[in-house]
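**Student:** Following the hints, put chain B in place on chain A, whose structure we already have.
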Amino acid sequence: MSTLPYTIEELITVVLAKSFKDGEVGFTGLATGGAAALYITGIPLAAMEFARQTHAPNLTILLAGWSINPVFSEIRELPSAEFDSGLQNLPCEAQMETYPGPYAVRRGDVDFGFGSGVQVDRAGNINSTCVGDFNKPKVRLVGSILLPEHMTCFRREYIMMPHHEVRSFVEKVDYVSGVGYPGGDAGRQALGLTMGGPEWIVTPKCIFEFDRAAGQARLRSIHPGIDPHDVLNSTGFAIDTDGIPTTQAPTTEELAILRRKVDPHHALIPHGGE
Amino acid sequence: MGRTSKLTSLQEAAAIVKDGQRLTLGGFAIYQRPMAFARELVRQGRRDLTIVGVVNAIEADLLIGAGCVSRIETSYVGLEKFGLARNFRRAAEAGTLDTVDYPELIAWDRFRASQEGIPFWPCTFLGGSGIVEYNKDIVPFDCPVTGARLWAVPPAAPDVVVVHAVMGDEYGNVAFHDRKMLPQSVDITHTRSCDTIIVTVEKIVSGREMRKRPDLVEIPALRTTHIVEVPFGAHPTSLLGIYDCDEDAFRDYATASGTPETFADYLDSTVHPPGGHAGYLEALGVERLLALRNVELPA
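Heads up: the sequence lines are chains A and B, in that order.
As numbered in our numbering, the first sequence has no gaps in its residue numbers, which increase by one up to the final residue, 510.
As numbered in our numbering, the second sequence has no gaps in its residue numbers, which increase by one up to the final residue, 298.
Pulled out of the complex, with its shape left as it was, chain A reads as follows (with noise of 0.2 Å):
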């Protein structure tokens, strides 16, 4: 990636703000350190607040579920943790203190939130609970933690996978910690799950869309300077690479914006150029 003018991150950064409404609200945890933390903290934020900054300034910022619209002209770095002191005095908006709270997310009010796991499927089911028998685990992981809720109850769901592996993307899930569209749209609606549903995939090599009717993650794009035999032979389930569009890239004007106005202290995303 070193000859292209910007980072991956904010290839993806702007992509993502580009598919975000004005008006809408969108959910992101915290996570700090390493590549899992970019993708479901640092480039999220980046991307909202780009998208506020740009078309969509009546967008709402759920910082950690709770910090309402961080102001981050003033953020030098992140908090580490989502519940200590400093990121109670984070300049924001607004806070919530309770569960429940000023949102309610089971009614709909989240339009869009981030999620990842070890493993995502064919039919965009994602894993963040065990590798192997769920009774006799491999590996047991921490949990479904919300994603049942951000999968089901948030309008649309980003899915951030900072590893593009075949391992990572598997024809199934060994547990279904947030649901996909297994049978499809159809196939969604039969287990009474009338809201949401995974939107895209994204990996440092691509983005992934759905074709909801038959339930399958598609390609929708492959990132500048990715061979799509990469893009295949990473991915453990079917795809097809044959006519995809190259995701397009971030304009001068874009990257300036990003890097001097959105992320000024490069508290968010790593930044190229300059």
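Source of the hints: derived by calculation from the structure; they are not laboratory data.
For each residue, glycine too, the CB sits at the ideal point set by N, CA and C.
Errors might be hidden in some of the hints.
[As the list claims (entries may be wrong)] Distance windows between CB atoms, simulated:
1. A:Val402 with B:Val144: 24 to 34 Å
2. B:Glu246 with A:Pro460: 31 to 41 Å
3. A:Val307 with B:Asp251: 30 to 40 Å
4. B:Gly146 with A:Gly344: 19 to 29 Å
5. B:Ile15 with A:Ala272: 18 to 28 Å
6. A:Ala503 with B:Glu246: 16 to 26 Å
7. B:Arg212 with A:Gln331: 16 to 26 Å
8. B:Gly116 with A:Ala340: 18 to 28 Å
9. B:Gly116 with A:Gly344: 22 to 32 Å
10. B:Thr195 with A:Ala340: 25 to 35 Å
**Tutor:** Quick look at chain B alone, frame taken from chain A:
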């Protein structure tokens, strides 16, 4: 006849929890956990507990690693930025721990069901999830009003709830900080979900002192069964507004929990030495504890 004092020693309070009971330890993730109480349960060799929680971390992992727990019902067990909960992971993989998974909001709502005394909490969004595939305590039913598929989630129904808070009086009135966050909010819900409530506090103050800010008393005496003075009772987790997370202690814990052998050494050197909680604090040392304090200018 004078009013009854509910002041209790840490040992006596921990002895209220019996083998095989359903126990809720307050706080949320790696914040404000009643760690001194959990360590006392380890010293007393409690067995076969069921941990009922919302988002669990070091307090559960410690008890699991010490062999006190046979079942856990929650949405998460991990150490956040300090990594996986390794005793939990080992026990789940070995099949010695029954893991019962719930979604995060529903795990919280289970305590609201207990608070309201209702037999289940209705959930709309569980179709297709591993949670209903493997958690047979959740029962599907058709909504009597709309006919839609719903799931009946059992109440948390803890036998004992333990939370750690800032201050209280001997009668069991317990005050929280004016500015709360979700870990304090979940503690308020916890203490309204059960009839046996043990509160450990940083400091016991007079009833007169407490009456200066009755609006901050989130746990009135009528709810509290026992109150225990335990300074630095949440260490190594943080207590909002009073002290920060001891990150070095967390990292030591994470490393020690890497194998059963190193964890046994950890328990021997950190939890079991004589002197109980006072001995634990003494071993940490005054300088280290003072450095964790939140110090603010008076308002």
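**Student:** Against each hint, give a clear statement of whether it holds in the structure.
**Tutor:** How the hints compare with the structure:
no., hint, result
1, A:Val402 with B:Val144: 24 to 34 Å, "violated (47 Å)"
2, B:Glu246 with A:Pro460: 31 to 41 Å, "holds (40 Å)"
3, A:Val307 with B:Asp251: 30 to 40 Å, "holds (36 Å)"
4, B:Gly146 with A:Gly344: 19 to 29 Å, "holds (20 Å)"
5, B:Ile15 with A:Ala272: 18 to 28 Å, "violated (40 Å)"
6, A:Ala503 with B:Glu246: 16 to 26 Å, "holds (20 Å)"
7, B:Arg212 with A:Gln331: 16 to 26 Å, "holds (21 Å)"
8, B:Gly116 with A:Ala340: 18 to 28 Å, "holds (23 Å)"
9, B:Gly116 with A:Gly344: 22 to 32 Å, "holds (29 Å)"
10, B:Thr195 with A:Ala340: 25 to 35 Å, "holds (32 Å)"
Hint check: violations occur at hints 1 and 5; the rest are consistent with the structure.
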